[in-house]
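Asks: Sequence:
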Amino acid sequence: MANLTEQSSSLTFTSSSYVSNGSSAAVLEVGNSLEVVSLSRLSCNLERLLIESDFDCSDAEIIIDGTAIGIHRCILAARSKFFHELFSRDTSAAGEKKGEVGKPRYEMSDLVPSGRVGKEAFMVFLSYLYTGKLKAAPPEASTCVDAMCAHDACWPAVNFVVELMYASSAFQISELVSLFQRRLLNFVDKALVEDVISILLVAFSSKLSQLQSHCVQRVARSDLDNVTLEKEIPMEIVDEIKLIRSSTQPNDYDASKLDPIYEKRIRRIHRALDSDDVELVKLLLTESGITLDDAYALHYAAAYCDSKVVAEILDMGLANVNLKNDRGYTPLHIASMRREPAVIVSLLTKGASASETTTDGQSAVSICRRLTRAKDYYAKTEQCQESNKDRLCIDILEREIRRNPLAGDKAVASPLLGGDLHMKLLYLENRVAFARLFFPSEAKLAMEIAQAEATTEFAGLSASRSASNLREVDLNETPSTQNKRLHSRVEALMKTEGHTR
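The opening position of the sequence shown corresponds to residue 1 in UniProt numbering, with each subsequent residue numbered one higher.
It is worth saying that the hints were derived from the structure and are not from the lab. Among the clues, some could well be false.
As the list claims (entries may be wrong) - Okay, the calculated beta carbon distance ranges per label pair:
1) 283 x 147: 14 to 24 Å
2) 223 x 485: 50 to 60 Å
3) 259 x 183: 35 to 45 Å
4) 294 x 67: 44 to 54 Å
5) 133 x 34: 16 to 26 Å
6) 328 x 245: 11 to 21 Å
7) 328 x 57: 51 to 61 Å
8) 235 x 189: 21 to 31 Å
9) 147 x 318: 18 to 28 Å
On a predicted model such as this, the values are computed, not experimentally measured, just so you know. Every residue, glycine too, gets a C-beta built ideally from N, C-alpha and C.
Please build the complete structure, drawing on both the sequences and the hints.
Replies: Written as structure tokens, this is what we have:
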């Protein structure tokens, strides 16, 4: 029996066997196979804790963007020093709210304050902790919606690995940090320089000197201006980039640099925009003799300011909405990179061209598409739920490209007389009211495109539909005046066609 026990032990643990004549190698091979099968089965069983609701016996939750993800503290504590220390603390310090009954909850933004970790990236990370196997990135979360993109270095692909790096670094999983650092190093030379900024930030946060140095060199060689660098990157890295640039610039570069006083005045205009003080901007323009175009003020506002500030700058009528900066970008290109629908609408309303391209042939809509995840673009929008902003931006730009001249609206409106005009008006008003009820985001943008706030045609739609807010009837209004007013109302409402569902 002792010999049987010893042989059995050799099969299970693949230890050395006394069996001769080559049989020990066979026993080792069988033992290795058994170990692989056992570990694979263990991995699959642990994965069921994550993916099958029948096995939901989690004892804590991590909250990401309002969604609760169940976790098992014993597994995470065994796999991660960070979680071991977190769960070993006093209950109140560990995340449980005092007096709250049920599982302790942890906000991802509190666990990883230095960067964002999305749900999809965290699930891949969590799966590795449970199973020891790293899953491939889900395509819907790591690919863009540009049909011409190879998805090897677009923003969603880069950002997914950046999020995984934030998680791996914060939760102290060293083997994943090494793996994702290699992947990010491969992205640095292939990705757009704007996307390299996010890699640089995670390298700085995670103290990855090799990755940080590679990113700094790439940014230093790029044409990113100092204003962008100072807004996006920590100053100590900006100083390093400036130092590299100064040592690699041609000898005659100093002669072409901005006058310090001139540059200081431009920065004052930018600071006034940061504080949303358009009146101060007007005062600085008058005092300095610098124009909005000289300061690329509209570009700056489109990138960093509230949409109302952008609208006020446009209303001044002093900025060229299609002006290209030194990198070949118009304000609309900048707004598309920001993906803020209200800013895009304001620019289009004032005549920005959606067909204008950058020096590398990118239009505003193609920029938007390369920045939008498939998951966000194809997500189903429920009634009364706001649509994804990225998708809204793409829809707005594509509709602008397809849009017919406004002269076509008059051709439709002019034949409408009497009852036909009233029926058309009733149809349009009901459609906008329906859109406001079920698709509020799209309806709001459609009204902005039609400049509803600046006209009286939508007064009845902007206010309550109660009897107290009904338009008073003007008994002195002549039929021709009334007809003209109704035509004007129909034309204004028809501007929303194609923008409301």
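Asks: Now tell me, hint by hint, if it's right for this structure.
Replies: Now the hints, each set against the structure:
Distance hint for residue 283 and residue 147: a CB-CB separation of about 48 Å, inconsistent with the stated range 14 to 24 Å. The hint said 50 to 60 Å for the Cβ distance between residue 223 and residue 485, and at roughly 53 Å that hint holds. About 44 Å separates the C-beta atoms of residue 259 and residue 183, a value consistent with the hinted range of 35 to 45 Å. With their beta carbons about 47 Å apart, residue 294 and residue 67 fall inside the hinted range of 44 to 54 Å.
With their beta carbons about 19 Å apart, residue 133 and residue 34 fall inside the hinted range of 16 to 26 Å. For the pair residue 328 and residue 245, the beta carbons lie near 19 Å from each other, so the given range of 11 to 21 Å is met. Range check, residue 328 to residue 57: about 56 Å between beta-carbon atoms, so the 51 to 61 Å window is met. The hinted window of 21 to 31 Å between residue 235 and residue 189 holds, with their beta carbons roughly 25 Å apart.
Look at residue 147 against residue 318: about 39 Å separates their beta carbons, and that is not inside 18 to 28 Å.
Hints 1 and 9 from the earlier list are contradicted by this structure; the remaining hints agree with it.
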